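S.K.: Following the hints, complete the assembly by docking chain Y onto the known chain E.
Residue numbers (this note's numbering), protein chains in the order written: chain E, -14 to 199; chain Y, 830 to 1042.
Since the hints were made in silico from the structure, they are not lab data. Bear in mind that the values here come from a model prediction, so they are computed numbers and not experimental data. Check the hints yourself; a few may be wrong.
[Said to hold, decoys possible] Using 20 angstroms as the maximum straight-line C-alpha spacing, the simulated PhoX-like pairs for lysine-lysine come out as follows:
id : chain 1 : residue 1 : chain 2 : residue 2
1  : E       : Lys10     : Y       : Lys919
2  : Y       : Lys909    : E       : Lys19
3  : Y       : Lys1024   : Y       : Lys983
[What the hints assert, rightly or not] If you anchor each label on the Cβ, the simulated ranges turn out as follows:
id : chain 1 : residue 1 : chain 2 : residue 2 : range
4  : Y       : Lys964    : E       : Ser14     : 20 to 28 angstroms
5  : Y       : Gly1000   : E       : Val142    : 27 to 35 angstroms
6  : Y       : Ser940    : E       : Gln172    : 43 to 51 angstroms
7  : E       : Asn28     : Y       : Leu917    : 18 to 26 angstroms
8  : E       : Arg41     : Y       : Asp918    : 41 to 49 angstroms
9  : Y       : Asp930    : E       : Gln174    : 31 to 39 angstroms
[To be verified] Here are some, though not all, of the chain Y residues that point toward chain E, as calculated from beta-carbon distances under 7 angstroms:
id : residue
10 : Val864
11 : Ala934
12 : Pro943
By construction, the Cβ of each residue, glycine as well, lies at the ideal position given by its N, Cα and C atoms.
Okay, here's what each chain looks like letter by letter:
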Amino acid sequence: MPHDHSLDHDQDHTDLPSDLELRVKALESLLLEKGLVNPDTLNTIIDTYENRVGPRNGVHVVAKAWTDPKFKAALMNDPTAAVASLGYTGRQGEHLNVVENTAQVHNLVVCTLCSCYPWTVLGLPPVWYKSAPYRSRAVSEPRAVLQEFGTELDAGVCVRVWDSTSEMRYLVLPLRPQGTEHWSEQQLQQLVSRNSMIGVEPARSPEAVENTSS
Amino acid sequence: MNGGHDLGGKQGLGPIDPEPETQEPVFHEEWERRVFALTLATGMLGHWNIDQSRHARERQHPADYLHHSYYENWLVGVEKLLTESGLLDKDAHSHGLRIPDPPAAGKIMSSGGPTAMDADKPPAFRVGDSVRLGKIHIQTHTRAPSYAQGSTGKVVTHHGCHVFPDRNAQGNHVGEHLYSVRFRAEELWGCDAEKFDVLIDLWEPYLQALDET
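Bound conformation, chain E alone (with noise of 0.2 angstroms):
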């Protein structure tokens, strides 16, 4: 289907619809026509990925990882099972792989070839994440794109990037932050970033959060 490229990139601010818009309203209206979706199934999808699966899930992981060492050996040894036992299965989700971030490794996930994400535990990705900048250079330059998330390891930190080329879906585990040992599963989710279970950058510091609050 030719079109102009031009004008599906114009950010101009007129009140009518691109040829990109006008064309995904054509498609649906024919798809309905047709009775081949339903409008409410639409707005389900819409709903559960807008709304009711997304990062928070993967937080509520991570954070029982760090307080509860029977669910992290659990999740240690078969992650999609421990991540069903806190009620979170489905698609792009079903064979999830945990990476744990230590002193010395740092996991970081990219999908070169698409856009593969643990939605189950993330949600659906970021723009960045299936960007041709991301996906290029995390597997040929990983410091200098973690440098771009103003992350700097030190120089002895091995560096795994994970290229989800399979089913696998990577969730980061990140390094609890110092100072945080008697925090609770629920101080600590606030520390918890999407990001940072990408791998891209550390979990919040515990100033960080307490600068935002106060």
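M.R.: Just chain Y now, with coordinates in the frame of chain E:
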């Protein structure tokens, strides 16, 4: 195929420029929401599988693939799948198609589609084996990324037998043993590269045994 999607190690694509995590919405435009939902909803009719869906997005001129935004590539893909599968020529009622209602769709989303299969042969490789990712220069769908083809690595995990995408994209639902293989950065990019490892999930037919001697 190594089209515009096969991006590992490509240069000149610019900085990452991430949107701050706390400010990024799930969808940026209403049409993105619609494309996402239409893709999932029509996919639930079972006329194509995930590898055919990926291949439909890949089968574009690389310049178009790279120029398009993410959900534009999804739109190109779903348009192609709907026309090529003949689904768009059908009418749900007269063809007796069962269209998932919200509870049925909810069930599909929360159960997913596991790809593990029973193996009909033992694995050819063991953890610790040295292997080479072969040259997979085919026009059809593959999940062997071009940047690691010809490089040597070590098997670190055997994941069992999983649906083999190269055949699944052709409509053949067969399993092959799947491994995580670790490649040293200098093997992939030369001795001037940063020091790190890349781990790639690779199916047995992609891999060649290396003589340890």
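S.K.: Indicate, hint by hint, whether the structure satisfies it.
M.R.: Structure-based check of all given hints:
1. Taking the CA atoms of Lys10/E and Lys919/Y, the gap is about 19 angstroms. The hint holds against a cut of 20 angstroms.
2. For a cut-off of 20 angstroms, the pair hint linking Lys909/Y to Lys19/E stands: about 17 angstroms separates their Cα positions.
3. Between Lys1024/Y and Lys983/Y the alpha-carbon distance is near 16 angstroms, which keeps this suggested pair within the 20 angstroms criterion.
4. Between Lys964/Y and Ser14/E the Cβ separation comes to about 46 angstroms, which falls outside the hinted range of 20 to 28 angstroms.
5. Distance hint check: the CB atoms of Gly1000/Y and Val142/E are about 45 angstroms apart, inconsistent with the given range 27 to 35 angstroms.
6. Between Ser940/Y and Gln172/E the beta carbons are some 34 angstroms apart, a value that contradicts the proposed interval 43 to 51 angstroms.
7. Between Asn28/E and Leu917/Y the CB atoms are about 22 angstroms apart, so this pair conforms to the stated range of 18 to 26 angstroms.
8. Taking the beta carbon of each, Arg41/E and Asp918/Y are about 42 angstroms apart, inside 41 to 49 angstroms as hinted.
9. A hinted range of 31 to 39 angstroms holds for the C-beta pair Asp930/Y and Gln174/E, which are about 35 angstroms apart.
10. Here the hint on Val864/Y is kept, as its CB sits about 6 angstroms from the closest CB of chain E, short of 7 angstroms.
11. The restraint placing Ala934/Y at the interface with chain E holds, with a minimum CB-CB distance near 5 angstroms, inside the 7 angstroms limit.
12. Taking 7 angstroms as the C-beta cut-off, the interface hint given for Pro943/Y holds, the closest approach to chain E being about 4 angstroms.
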